[in-house]
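Put the two chains together into one complex; each comes in its own frame, and the hints tell you how they fit.
Here's the letter readout for the chains.
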Amino acid sequence: MTEAPIFEAEGIEKSFGGIRAVNGATMDVKRGSITALIGPNGAGKTTFFNLITGFYRPDRGRARFDGREVQGRPPYVIARFGMVRTFQITKALAAMPVIDNMMLAAPDQPGESLRNVLFRPLAWRKREQEVHEQAIELLDVFNLTRLADHYAGTLSGGQRKLLELARALMAQPRFLLLDEPMAGINPTLGRRLLDHMQRLRAEDGVTFLFIEHDMEVVMNHSDRVIVMAEGRVIAEGEPQAVRSDRAVIDAYLGGAGHGGIE
Amino acid sequence: MTDPLAIFPLGLTFEAFTDIDFWTSVGIFAGIYTIFALGLQLNVGFTGIQNFGQAGFMAIGAYSMAILTAEEGMNFWLSLPISILITIAFGLIVGLPSLRLRADYFAIATIAFAEAIRLIALNARDLTNGAQGIFGFDDSWDSISESIEDFIIDLGWTDVPGLFPLFLVTWGIAVLMMFSLTRVQGTPWGRVLRAVREDEDAARALGKNAFSYKLQSLAIAASIGAVAGWLLAIQLAFVVPDEFQPIVTFIGYVVLVLGGLANYWGVAVGAIILWTVLEGLRFLELPISETKIAALRFIIVGLVLIGLMAFRPQGVFGKREEMVLGD
Ligand SMILES: Nc1ncnc2c1ncn2[C@@H]1O[C@H](COP(=O)(O)OP(=O)(O)OP(=O)(O)O)[C@@H](O)[C@H]1O
Ligand SMILES: [Mg+2]
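Protein sequences appear in the order of chains S and F.
Taking this note's numbering, the leading residue of the first sequence gets 988, the next gets one more, and so forth.
Taking this note's numbering, the leading residue of the second sequence gets 63, the next gets one more, and so forth.
Isolated chain F (complex conformation) (with noise of 0.2 Å):
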């Protein structure tokens, strides 16, 4: 016990700082999450339906580009527009019944679909190997990450984790996500999305189809949610049907409030802020055992959503007054 830290009731290791692979992969899923979440934000932020299965169109995602790859032996890069195509098709089965119906019905109807999904998963053993999950969907992906590596390496950083290319990637991607949204949102097609968000009615009476829309944005969803699930597959390196719990959506609801309604940066933040939170608290050194370390670090996470609600409560990127005048 000649260890300075231990005289402390609380304190961080040295390695939470230094731990370079650890940060690499909360790294990714603070990327994973930021994608998971964009689409959230674009159906709740920008269209106003409350989409409560992000987790379900992301575990369609993941299992239909592993299981062409994996057991269907398709190209892994052809799997990848199919995957969006077949998530697409879901959006639409459970948006046409339900979005033409008052709000709350559409909220319950995603949250059955992404439950009904998770337990398909689970029990067809024949399609997704239930509980045990998928494999070896990932070769073609091994090889582009070690010529990424590669690559870095020439550049002189020889010591490079090897979860280094998937992190770049991510990020890559979610920041053209962002990027392209923020672009789409600042257009007409943007403009009516806001308004079926404020009042859909009013937007109706202006001659808008407010069902195309707001079905529009469901597709765009379940398919930035589907490209989620594909790097989260790659990141675990199997698909199983646990990753896909209803938790996966509210945590992408905290983010978005941490992040701000309306605001695609935001959720950049708000995933960051929150996986750093979630994850460097692993390093909290307390007197007391690791379960109850592990339910600390979400009561934590709590109390920071709560002091936000308390002190702003529009978020880190929100605009107060959009959120004000909401209603």
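Here chain S stands alone, though its shape is the one from the complex (with noise of 0.2 Å):
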């Protein structure tokens, strides 16, 4: 518990219209830590996230990543720092091949300034190479690798799901937000993603915040569990602590009503 944690967000706020949808979040992530972001339907997981990333500007609040603010910067600058998120409702570049889908996230080439197309051919080149090769392994872990040369678009939901996912990796991030990660891939490859999770963050250091419904995936591959309830943070801790919660039990029963903890 020595070390600073990765992302630290203070009183972070959000109304839309008369609506609060986040009503003055407040929560550290550990670094190194798988981390999910629970909470009934309409508790603002989705919206905390868009203020974290830039996507929206918070009311108030401050939000921090690895000692920089990251609030009122725009999505682009917070994804370079490594800072990087995605989406409940997929958001594949259809009209794009799934390995341009992949290729597009790869940080540090030097071709997508249009000064660096014309004056240095060799260095880009050299970098597509790199990255094209970085994005066939990744397809293959997610069993995506015979669809890189389709269009995105021709997808499955769950088939997309998995392409947003390698497309994040592919940005290399130090700190993963995922949206409902799970929802919508058959269980096998659910739980290969989980692996690579797991691997990630062993090997490479990845911290991850997750936001997920399924229980049993919380309960067995999270070390941390942070609950959300009407754009509050109410609980936090180790899973089985927070499952026992008095606050969370009666979030989830009394709140949007759907289901249990269990």
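None of the hints are false.
Stretch by stretch, here's where chain F covers chain S in the computed footprint (C-beta under 8 Å, at least three residues): (1) 1072-1079; (2) 1099-1105.
Just a sample of chain S residues kept apart from chain F, beta carbon distances all over 10 Å, derived: (3) I1006; (4) R1007; (5) T1013; (6) G1019; (7) R1047; (8) R1055; (9) R1161; (10) R1178; (11) L1181; (12) D1182; (13) E1190; (14) R1211; (15) E1217; (16) E1223; (17) P1226; (18) D1237.
Here are the simulated SDA-like pairs of lysine to any residue, each with C-alpha atoms no more than 25 Å apart in a straight line: (19) K381/F x I313/F; (20) K381/F x T1141/S; (21) K381/F x I1086/S; (22) K1113/S x F241/F; (23) K1113/S x T244/F.
No wet-lab data here; the hints were simulated from the structure.
Only a predicted model underlies this, so the values are computations on that prediction, with no experimental measurement involved.
For every residue, glycine included, the Cβ atom is placed at its ideal position computed from N, Cα and C.
Right, here's the structure in full:
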């Protein structure tokens, strides 16, 4: 507990018209942890992601990633810091091939600047080869290799979810925020994805914050759980402790009423 | 009434196929519209931003070249790059405030911009000579044109049309642009543009500054529009506000749709089809008045477009998958 958290949010607030979607959310994410963010439907989890990744501007509050303020910065800057997110509703680049979706995400491609395209053709071509290899390797992990040349728009819902995840990994994040990554993915592949997360954490020290409704996944695969309800963080801790927390049980039973915590 | 064609209510006169001066001029227009619409292709087909102000950029290119040369006495060749810089500056003025907003605001801003430019050209008489327009900027071009003509005559073609050198230069530029744009589109830079077209938020989440790419796309399209403007000015030998009506941009979109989105070579095909149909119909002999024939030409172009939408909505060169998967 001596190491500084990789991410801290303090008193984040956001209202849409009359609805206070996020109402003073405060949390820390431990470096190198796999942290689950749970809460009933409408708790403000997705909105919280949007607020800390620059897609929405918070009305109030601060967020720091690895010592740097992130609130008020545009999404692309935050992504380049190494804090990369995926979307609950997938955003496949439909009319682009799967492989281009992947290669797009790679950082440090000099060929993304027009000046380098014209004056440093060797540099970007070389980088392009590396990126292509990485993309193929990652597609392999998610069973997408044979779809590499298909348009992303022809993929099934589950395949798109996998593609979006693989694509986020291409961006070489240090902190990955996943919005319901398992939703719509078959259990075998889902397990593979979780294994891959463990491996990335162990080998590259990547930190994960993932929103998830499946309690079995949360209990077995996260080392910390943060619970949101009505725009606030109402509990956090080890999975087993959170599961028996009175406030959490009440939130699930009394809140939107979408099943219990079990 | 011994003309055998007269017994048919519908027919083409013989000169339709022989009037080389006429077809040279049509070819130049097709080339100018190809260049003009290449800018639109970059914006609409590859970046997903709806630029409805391309005629405005064309106007700025033509006017700044003409004003600098004819009124300020600047060297013609120097006026060309400067007119590009001026056009880019206008592109940034339009794009900076509006490209951050929702897509439809940008579309509206560009229409308004192009009309504002045309109205300024019409009314700022001290600068633009109003509806009379500007003449006498093309001496340098004329001498180039004569050299090219002499060269062709030396090759053995003695009755080369006077506009033929312009035809060659126009299509030379068009082909060069199609080639370079296609090449650049295949680079990582072009890939980011397509990602922005597909889903701006996804691109931003992956660390791409979508706004900057849209701005670059617009600035390049504006420069391309300026080149089309020079050529139009040279072809007509004058620059008047009337040449830059909003209809010009819309015809550019017709070219895009005909040729197909997201393909630069398709733009040339679209422009050639459009101008051949449009001008070829001038030779249609019908027992109706000239003005009715003029209207009929556009009706036929409309029918061609409707037919295309029904049978090949992706255009001649467009990819059907990309169109269907667009959203
Ligand atoms: N752009 C928006 N405009 C208006 N209201 C919004 C907007 N985004 C979110 N909300 C509202 O904020 C609240 C929280 O929504 P959010 O999507 O963050 O919930 P969530 O915890 O992700 O739920 P779920 O588990 O169902 O995905 C909801 O009441 C929602 O209607
Ligand atoms: Mg959500």
